[in-house]
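Trainee: Fit chain to chain and form the complex, with the hints in mind.
Next come the chains, spelled out residue by residue.
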Amino acid sequence: MTAKTRGPWSRLYAGFGISGPVTLLLLAAALGVPWLPGEFWTHVGTEVLIFGLFAMSFNLLYGYMGQISFGHAAFFGVGAYATAMLFTALKGADGQIGIAEFLLSLLAGPPVAALVALVVGFFCVRLTGIYFAILTLAFGELLFYIVFSWYTFTKGDDGIQGLLPPPFFQDSTNFYFFTLAIVAVAAAVMWRITESPFGYALRTLRDNQRRAGFLGTNVRVHMLVNFVLAGTFAGIAGALWGPFSRSVNPGLLGWGESGIAVFMTLIGGAGSFIGPLLGSVIYTMLQAVVKMYTVYWPLTIGTIILLIVLFAPGGILGMIDKRIQATRARKDAAGADAAAAAPAKEQRP
Amino acid sequence: MSQNILEVTGLEKHFGGVHVTCDIHFAMQEGEQSAIIGPNGAGKSTFMNLLTGYHRPDAGKVVFAGREITGMPPHKVVRRGISRAFQVSSIFGRMTVSENVRAAVQAQMRATFRLFASARTLGAGETERMLALCGLEGKRDLVAGELAQGDKKRLELAIALAGKPRLLLLDEPTAGMSIDEARSTMELVDRLNQELKLTVLFTEHDMGIVFNHARKLTLLHRGEIILQGTPEEVRANETAQKVYLGEHRT
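Chains A and B are the protein sequences, given in the same order.
For reference, each letter of the first sequence is one residue, going 2 to 350 in this note's numbering.
For reference, each letter of the second sequence is one residue, going -4 to 245 in this note's numbering.
This is chain B alone, in the form it adopts within the complex (with noise of 0.2 Å):
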């Protein structure tokens, strides 16, 4: 069998009285791509924020590669290999596109203390690379914050990609793009998936999109897991019929 990548045991959040994440068990393992599904407000945003350390959690264990990292601030998760991209683009509006994923490289490079460095030339081999793997290398001189809807998530992935990491979180990675770029984004995210062994967990309402590119789902309603398998198996399932795939039906 192989190892777990993300062990999660007993999660708990309140928001004052809010209970938004309730006693969460979930594990990954390494190289697997699996969706969160979950009507609004269930809490798969808040479940992605205690994994990365925006939010700490009131209880339970995060534990990832084997070691915790439970309580962890933001910048200690990424550099231990969990990025994430955000459901609302949020990238740095005032940059150009390949200073977005320059400053992004040289975070993970590590580099942001080399104060006499120059910025041009420091990972630009690397900086190519993400532009041309997100389809961005046309757009590289443009202002971040001028982008297209759609550009902006590209971008906002190619960000997450440059920290190198080893679990990638999506918080629905194609919400606002076209119907084109929603298939070319996840066919980016499947082939990261299968060639670089990238773990991948992403949240999503598009269920076409769901079970075409998870292998396996987690349906989240009012905080708590409620049902996990193959797509298959819940769409069968009568529970999920009710609380959320039937708001789906067409």
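For reference, chain A alone in the conformation it holds in the complex (with noise of 0.2 Å):
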């Protein structure tokens, strides 16, 4: 019996799932961004980081619960606006704000977006499936009008400008890392999350929602706890972007963002934990590189999502995933193979 030597990717992956060795890949080419020239990949990168923590949150819903909203931009658009709010009540005259109040603004956007959740939530938990997904679209978009027609509140159309964060974090670099350091510790609270008990309760919720209930868990309220998760770290992730964007808009609040958590889910694959990260690396590049040649951006996203549907339903990673288990199978099979015609090699005389 040969014991089987394994590397520190086979390891990882024992231990994480196709999420071990992509995130660490990931974390590696992150730390690398910011000393590629030019402020332009920086930028992206910090991109990528945020809506990647969106998407994930996102999956929190598709993935682990089966369900898929069509809203989920509102609690972004929510933690957006809350952080936004506070920043320009706390800013000074001269529009400069000192580094306290400018954190105590980013962390204004995760407890609105939550309690906003809870409401959505309550109502939304009671269905399923295109029921749930519609619903969640139809709470979206009145909140995306709420904040496009309330003029005094909100500023409207209009938006929030000025949204200019103190000058350590006006140079890219120390807030791409500043972002990478809350999504990453984000991004670990979620992995645990969906590592717990809770986490595999949602995949019971997932496969077989009525077998769940027959377990004793209380699929309603489990459902709401997950979406309130979903729409706090939703609210993180756009906390983080008034202040990297330097504004927020009503946009950030509609479908069409909602649309973007969904496709980035798509292309990573909503299998994996990391997939939705990695979807948003995709899309958010490749949006940086071909705008800069062609107008025709959704026309190419529409062609790249069509393909992923048609020919990788499980995302890349879910691509890849199942070419690694479909080898390690073959593997395994030949070990196995191989050790039961040892031992009549060792009987002959």
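Everything hinted at is true.
Some, not all, of what chain B presents toward chain A, calculated at C-beta under 10 Å:
no. : residue
1   : T47
2   : P69
3   : H70
4   : K71
5   : F87
6   : G88
7   : N95
8   : A99
9   : T107
10  : F108
11  : A114
12  : G118
Honestly, the hints are just simulated from the structure, not real lab data.
Note that CB positions come from ideal geometry on N, CA and C, so glycine has one too.
Mentor: Pasting the structure below:
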């Protein structure tokens, strides 16, 4: 019997699935981004991280709980607006904001997003499947129109401008590492949740909601808790968006923005934890490049989504994971054959 | 006289104009092992759905272990101590066998709101025990949706047992199994009943299994109980012969 010598990649795969090695690669790449020439890729990298977090929060609903939301951007947008409004209130007459005030305004986003998710989720978790999807879409649009038309409170379609972070964070590299740290911590917390008994209860809801109830799981309450968690993490991403782009606008709550999370998740793969982040890497970087050359970005991304859905329904990581497992199964089978043949050899005189 | 663990009185259920459960009175004593038999559409599964809260009865009362459970949602009924295994195996298809059982164990432990505990270790011992009990140790890492039919049914049973029930409802526990698998499954059910004093109620179409493993039979026909008794009494009964057993004469 040959002891299987397993390399670090293999052990990483055993412990974390496909997400293990991919996370390590992405982290290594992420640390290298600021050393690329010019500020362009650092900007793109920050966007990748913010939208990656947003897409991962969406995947708590889709990949783990089995419900698709077309209104998830509402929580991203509400988080962005909460931060932007407190930011505006706290900044001085000269347009400058102190570090403490800046961090405080960032902290405003997630709890407000969570609160709105609690109210929206209270209604949405009564439904599943297409009805859940439509209701999230309806709530998303409702919130969009509130923000869009309530001039006195949100400045309506003008949006809120002038969200210039403190001098230290105006440096794109510093803001990038700040974002990386927050997204990494948020992702680690999300990973922990998905690997907890709660995370597995969500998977039972995804696979067979009726049976989950017969295990003693209170289906609606679990769905609601997860809805609020997903909204909170979307709110963290939203909070980062305002100071990054120096402004917020009602479009951040709209269905187009919700669609981005769906696209990223489909591209990267909903079946793995890190899939949506990889989706964000591909989507955001591709968008940055394609928009330099052509105005036909929607056509490009539409074609890509079409190909993914048709030929790699598990997304890129789903496709790679399938290959890995097939190779391993073949190796195991070969190993078993060799093991079966070995004793026969020994018995020979 | 020992206490009735389950008492059903005057249970009624209509679906539209169809009367699927008509004035059912039914009782089980702790430790009993009984079967419900009857032709397709007799209302056996509906009866189980009414007991476990999946359907709300239109009238009548279900009392379990001295407390009324009529109209409670399934997750509350389970917590009172009634588990069920389904006729068409109803498992978590994208999770592995051990993840299926572990999720059921953790639900029983009421640990599913522990957001930061490790799912891999919590209830691991109990999970192993259930896998061993149902002969699934060798298949723990297989994806449940890809199992053979007989293994799915055994997993179904393991999930039900993980709920630590006092009353176990089995809807055709051996459907789709080979003769050997069916025999070992029913031996397990007998063992659970005799050693752990689990009260078992099952439905089954295979009369060989029914007569060998149930000590009391209830014959349902068009939503009504038309006969209750020991296997010998039911076998000897003329009405039973006419409405049901006749179909199964070899």
